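K.L.:
Add chains R, V, H, P, Z, X and A to chain C, keeping to what the hints say.
8 protein chains.
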Amino acid sequence: MKSRPSPSSKSSPFAEVDLERLERCGNSEVIFGAGKTPEQILSISLQLKASGQSVLITRTDATVFQLLQSSLPGSRFDPSARCITWHPKKLKIKNKPLQLCVCAAGTSDLPVAEEAALCSEFWGNKVTRIYDVGVAGLHRLLRRVPELRQADAIIAVAGMEGTLPSVIGGLVACPVIGVPTSVGYGANLQGVTALLGMLTSCASGLTVVNIDNGFGAAAAIERMKKRTQPKHPRS
Amino acid sequence: MKSRPSPSSKSSPFAEVDLERLERCGNSEVIFGAGKTPEQILSISLQLKASGQSVLITRTDATVFQLLQSSLPGSRFDPSARCITWHPKKLKIKNKPLQLCVCAAGTSDLPVAEEAALCSEFWGNKVTRIYDVGVAGLHRLLRRVPELRQADAIIAVAGMEGTLPSVIGGLVACPVIGVPTSVGYGANLQGVTALLGMLTSCASGLTVVNIDNGFGAAAAIERMKKRTQPKHPRS
Amino acid sequence: MKSRPSPSSKSSPFAEVDLERLERCGNSEVIFGAGKTPEQILSISLQLKASGQSVLITRTDATVFQLLQSSLPGSRFDPSARCITWHPKKLKIKNKPLQLCVCAAGTSDLPVAEEAALCSEFWGNKVTRIYDVGVAGLHRLLRRVPELRQADAIIAVAGMEGTLPSVIGGLVACPVIGVPTSVGYGANLQGVTALLGMLTSCASGLTVVNIDNGFGAAAAIERMKKRTQPKHPRS
Amino acid sequence: MKSRPSPSSKSSPFAEVDLERLERCGNSEVIFGAGKTPEQILSISLQLKASGQSVLITRTDATVFQLLQSSLPGSRFDPSARCITWHPKKLKIKNKPLQLCVCAAGTSDLPVAEEAALCSEFWGNKVTRIYDVGVAGLHRLLRRVPELRQADAIIAVAGMEGTLPSVIGGLVACPVIGVPTSVGYGANLQGVTALLGMLTSCASGLTVVNIDNGFGAAAAIERMKKRTQPKHPRS
Amino acid sequence: MKSRPSPSSKSSPFAEVDLERLERCGNSEVIFGAGKTPEQILSISLQLKASGQSVLITRTDATVFQLLQSSLPGSRFDPSARCITWHPKKLKIKNKPLQLCVCAAGTSDLPVAEEAALCSEFWGNKVTRIYDVGVAGLHRLLRRVPELRQADAIIAVAGMEGTLPSVIGGLVACPVIGVPTSVGYGANLQGVTALLGMLTSCASGLTVVNIDNGFGAAAAIERMKKRTQPKHPRS
Amino acid sequence: MKSRPSPSSKSSPFAEVDLERLERCGNSEVIFGAGKTPEQILSISLQLKASGQSVLITRTDATVFQLLQSSLPGSRFDPSARCITWHPKKLKIKNKPLQLCVCAAGTSDLPVAEEAALCSEFWGNKVTRIYDVGVAGLHRLLRRVPELRQADAIIAVAGMEGTLPSVIGGLVACPVIGVPTSVGYGANLQGVTALLGMLTSCASGLTVVNIDNGFGAAAAIERMKKRTQPKHPRS
Amino acid sequence: MKSRPSPSSKSSPFAEVDLERLERCGNSEVIFGAGKTPEQILSISLQLKASGQSVLITRTDATVFQLLQSSLPGSRFDPSARCITWHPKKLKIKNKPLQLCVCAAGTSDLPVAEEAALCSEFWGNKVTRIYDVGVAGLHRLLRRVPELRQADAIIAVAGMEGTLPSVIGGLVACPVIGVPTSVGYGANLQGVTALLGMLTSCASGLTVVNIDNGFGAAAAIERMKKRTQPKHPRS
Amino acid sequence: MKSRPSPSSKSSPFAEVDLERLERCGNSEVIFGAGKTPEQILSISLQLKASGQSVLITRTDATVFQLLQSSLPGSRFDPSARCITWHPKKLKIKNKPLQLCVCAAGTSDLPVAEEAALCSEFWGNKVTRIYDVGVAGLHRLLRRVPELRQADAIIAVAGMEGTLPSVIGGLVACPVIGVPTSVGYGANLQGVTALLGMLTSCASGLTVVNIDNGFGAAAAIERMKKRTQPKHPRS
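Protein chains in written order, with our numbering: chain C, 11 to 245; chain R, 11 to 245; chain V, 11 to 245; chain H, 11 to 245; chain P, 11 to 245; chain Z, 11 to 245; chain X, 11 to 245; chain A, 11 to 245.
One or more hints might be untrue.
[Said to hold, decoys possible] Cβ-to-Cβ under 8 Å is the rule here; a few derived chain V residues that face chain X:
# : residue
1 : Gly84
2 : Thr117
3 : Val193
4 : Tyr195
5 : Gly196
6 : Gln200
Read the hints as simulated data drawn from the structure, not as lab findings. Keep in mind the model is a prediction, meaning the values are calculated, not measured. Backbone N, C-alpha and C define an ideal beta-carbon position, used for all residues, glycine too.
Here chain C stands alone, though its shape is the one from the complex (with noise of 0.2 Å):
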């Protein structure tokens, strides 16, 4: 089997990393962490480094980070998060920045929350966290709907039976994505039900990214970014 060269494809033995992407779908190829060695991790960084682009790694750990930590300088780790984090020194951002909500109805969703927050604010957003604002306690949630309103978009990252994007879908205008999370016990079914909740939900337009999907929250998000930039001519 001999070379297939390609000016937009890196190939490894493992791995056939995407460069086109940031052109093709607007943003870099982003690295998930989990069921890849740190080796494998450090070389598609690498590879990333090279050609010029920011890098981000999902679900991973401390160990990874102190793999990459000399080969990505100035790299930031986020425990809470589970992402590492690095950006070329002239790093540009194209599109205009999103004013966002991530909104987290219980302590225990913080993680995927945070994943989405950390996320976004990779990608240049600015990001406003209201979290613990579960429906049991609706004051809670009521008394921040001014900061809601001010949204372009919100991400409601809630577990057990997922009810607060529905709640929120009801008060605002904007684009409003459900994150379920696996957060609960017992008729929970690690998040299942929670996600099938979002899915009916009564609020109109809402739409749902799989469970603990924080980072697919994000990246959905910044999808509705692009809808404003110059169209690409070609295929």
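P.N.:
Then chains R, V, H, P, Z, X and A, alone, in the frame of chain C:
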């Protein structure tokens, strides 16, 4: 197989009517109409009537009502709640009636809510109906909080993601019983999603009955009335 | 239970029409026809009309349309999308319309796709329909990439294994909303397989709505339009 | 994000403690220990203490207890129920205590049963424990019927097929709350079978809480106590 | 494809009737009527008759009976059990008959219970029917314990939560076979809940057959009769 | 809560040992070791011993055995079956022993098969073990048919798709009890697939017990032995 | 949306017929009839005919056949397989035909088996039908082993527990494709049990297609025929 | 139980090694390592070696390899594929080798893909590995189409939503076998979503094996090789 006479039950080939239930459990046996022939329902009704008890038939229809009307003069059929009710002339309600609220999230939940309301009224309680107060328009529910706070107990009926009991549970101190309905489609899974959502609610102290089981919620509240009665001394 | 007058909602025995929703959430209340009687639908429609709002009824049929026609002159019924639409004469769309693509994997997915397309058009957007582009014949989709890249947002409708949004998501930068359909049999599990597949897509930033919920996808995109509007200053 | 002062809640970066809950819902906020760090638990406990409220922590362990002991002098840790309790010196229970029975089908169900019993005692009730009375040896339960009939309410805890609440429900007139447990294997499906079984019970008027949720059952009964209290006049 | 003659089976285009089964498995092949055309059922019946065997058809109806009556003179159709039975004139039952009890929890379980009872009688056993003895009124079952203890084996039929076999299993020493039924709604999941409940029963030594499979329970007991027969010496 | 003396059970704080079971159900109570502390197991064992009964502990391990050895001299621990057995010196088996076959499809099914075999031997039966006869090499099973046809009853243990009982059921006339095991991966769903497969077997008269429940199958056969005993005359 | 001409596909408002598929994938596009209107089916059929290709319509009925007959002279409708077939006069089968066996466990599986057989014959193969050979009467299958061993590939169709492919897979060396059917009830779960059982088969090298997908199995075997063809040199 | 000598199998207490399988099914028995002790694996390996057959152990680890190395000189352990392989010195591959492609969607799918590749190579085939070609970056896969079209058969390994086989199936004419993996989280449901997705694929003629079953896919292709061999004349 020879006859086993019993002072407290009437035996037919297909049913052992539990005539003692009024004393043992505090209210008489109720006839679940689904899956029974009109003739079976009539036969059981007559046994209840003969022992001086009231008759409540759930999940029934106009055909059954036509058959029963002459035997149970003064009986009523409620097509929305799908119930037939009949009381003997000399009925004395021993327990003090309760003030209840039956809430429903949407218009499609009404048959289940009406079953709960009608059964509660059958047992002598006062019922305030608060309908179409789903959380997508939270202001509709919040307007009704004073009424909710006057109630002795609340039945909260909701399909789709089943959020209503969670929100009500955070607003009042009295018992709240959630009734999931099979209203919805797709990820609603015929009410399973609403059921699981209510069970994992972040509002503490909610309890839940089976999907579409308006009768069950009313019966659960009827049990609460019992606890202020003199205790049964014998096994 | 005495009357609770409210300037912003009309109360009927079965429904609290949310007339404020236009201002609060950016578009008026939509009538979900399934599970409502024609008379209930007519009553709600007249309340919306009386308050100067447009009327959109989903999951409805020709019988309802016949009842409504005289009361809503100029209304239209689309049997494929199963929707009735009516606009008041002096309608002004405040938001700038979007250029959308609605894609469908197979012929059987058309009712859901048409619901999405028609709702989007009801709210003033321009819709390009790209149908029968399932991934079993990938060239059919690849031919349409230029059109896809011109869109502000894309609704991707697919049953069976629900692959279409994943593939589209890797080809464009704009928001992509997946709508799983209940088309298929056996292991499709009435659309659950397509739903779960879209949620676990390897293409980042996809979001998903409930099975067969074409309306929901259109409503989600409508929320995106809102974020460039002046913010609501009050709670 | 500047501070939003509120007389009724204390805001920390991770939690909005709901100090008003005592008045609004009749009992103070309870700390669900699972998924919170010892430091978070300590912080919330101190806020409750500072506002003159009792402290109840569920799903916790000896490590947390060691951290809290000095700050909450006189607190107790029950390893079987996995709960920590603390009361201020001048505690006045406003409601009349109830006489409860907590029943458990098997030895393995004890942790859940003890959580229910201990929480009920924390709120001032008297609890009779009736354990190892599974229906495989029905005589063990039947011997206890007189005690069951003296109770104001009964919590019935059972794993495996979850039969116990059904049988008890047919023997008594008071409220019976079923708590399914995750005890069992194979077809028990981590408690889902017991949960579904209780929900479809042929004994009318049972209600059910989440799997292993002993606390929830106790809280549900606490709500019953409320209904004889003076009503809250304000929203 | 040429013919494959066999002394022990009759081949038709759609069925290989297993005429040897009487000797190999102790009872003749039974015709499961569901999903077969009346003509197919007639054809198989005639093959069984021609080989001197009895005919038992389950899950059938009056239409099939009308077609068969002239070919199987003296056959009977039981509409409750949905079975047709026919015996040759010279039938000798080789095994000693058993004394069985067929118990049913509720009136709606009767079709399944009757299928079990009728099949058992078809094979020459004596059956005591004990119906409507669900555990919500435990006294109804307890009255029948003497009869239960006289039985050689018991078939316990129950829908909803399927408790009946558990309770009976704790009261008797003989074999108890649970038959879950699809009677119920919502969380019953078409009988799956009753099935799972019986499988996780706390009463030891219960065995279970498929949902609504009254025939299967009868056939299982028929196998028990076999073990006192002379053994088959050849393969 | 004062003591409730009973001639037929010993009450400890955590367990009501059912000493009457030997007479009522034909064999003594068996200790399910999983989820019990060694001390609890010892305590129950001593109660059984004190009443002159044999001791059988399932799902246990060497640690428990070490604790019990001195109190139950002569007891044995079988690590494969994970059972401890002990008999009093003067044991008289009242029932005539049966000749059983325990079959297992694969090597990984042995722990479950051995639990079934050892329990059957504990109750005095003779057991022929027929292992590794999965249907992928059908000749292995067919060679053993003569032995299978000599058995009074057969326990067929299988994981993966659980085919073995179906095939055996078509080859013999005696009772066949299927025991699904959790052996397998992926679509096996921890034994649920094998369980459902056995329940829908095309071989009539099979019965099934819970996943991995070798004890349950042995107990079910023990019940068959009972039916030739004198009947219990009292309730 | 203006026209996008393409030499290799015909575009209609509802379908992009994939006329290139014959060359790319080795056989022409097949029309899945379910969910399409007769008019849509006719339109697609005419496009295939116009391009010189054969027509195969699955999941169809006599109504469609009546509409098509005049346009496709010589076409045939098989009501058992629910398929319509038509070949152009000058059809040359390029690939060497295979000798296949289609096996079915029971009479109720025939529609699915016939769909597989008829599709295979449509593509020019020879098919031996081996029906009603379920494992409950193993001798019926064992008699046919010589035929099975002559086959190039085997399609094994079975509902209920789906054992047939496992047993066949252990008897032959050629490819075996399992087709689970939705035949059965209760724990069969509309074919899901048979599907899962085949996937976890202990016979190695089986592959599986969707429930009731006889066409899919035939298509899978058609792919095998391709591998001896000259390779396609272009992308 | 006396010995049953057989020329074609070696019996040990725990396993009946199927030495005839090489002739009957075309390849020797493979040892599934999971759930077997190292000693059991060694014993079976020696029996295979003694009969002149190759040894392939899947789902194994370095510990087993250390035990076997001296007994199987020249054996190899591949930690990525988790397989041990050994061939006798005089090995003659009778079948003509195939040219295969093993494709994997993501880096985390490699263990399963490597198991498939290594097993295929063990049986003498040539394997091209095409990894990290998930559909989120479709260009990576499209670049490899020429290689895919040269293959005799393709194994497509994918987790998450399992799209890869669908897309490949639409691009090539040869057999495509989908292997779902348990890679993913949340709605992936441990690979069930990928499994169901592949089964409902819109690309016709795909077949599927169990989750993570790389070996099974390789074995299925091995069966295809058989069909050009001389037929086995005897049963």
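K.L.:
State for each hint whether it applies.
P.N.:
Verification of the hints:
1. Gly84: This hint is violated: V:Gly84 lies away from chain X, its Cβ roughly 26 Å from the closest one there, beyond 8 Å.
2. Thr117: holds (5 Å)
3. Val193: Since chain X brings a Cβ to about 6 Å from V:Val193, closer than 8 Å, the hint holds.
4. Tyr195: holds (6 Å)
5. Gly196: holds (3 Å)
6. Gln200: This hint is violated: V:Gln200 lies away from chain X, its Cβ roughly 10 Å from the closest one there, beyond 8 Å.
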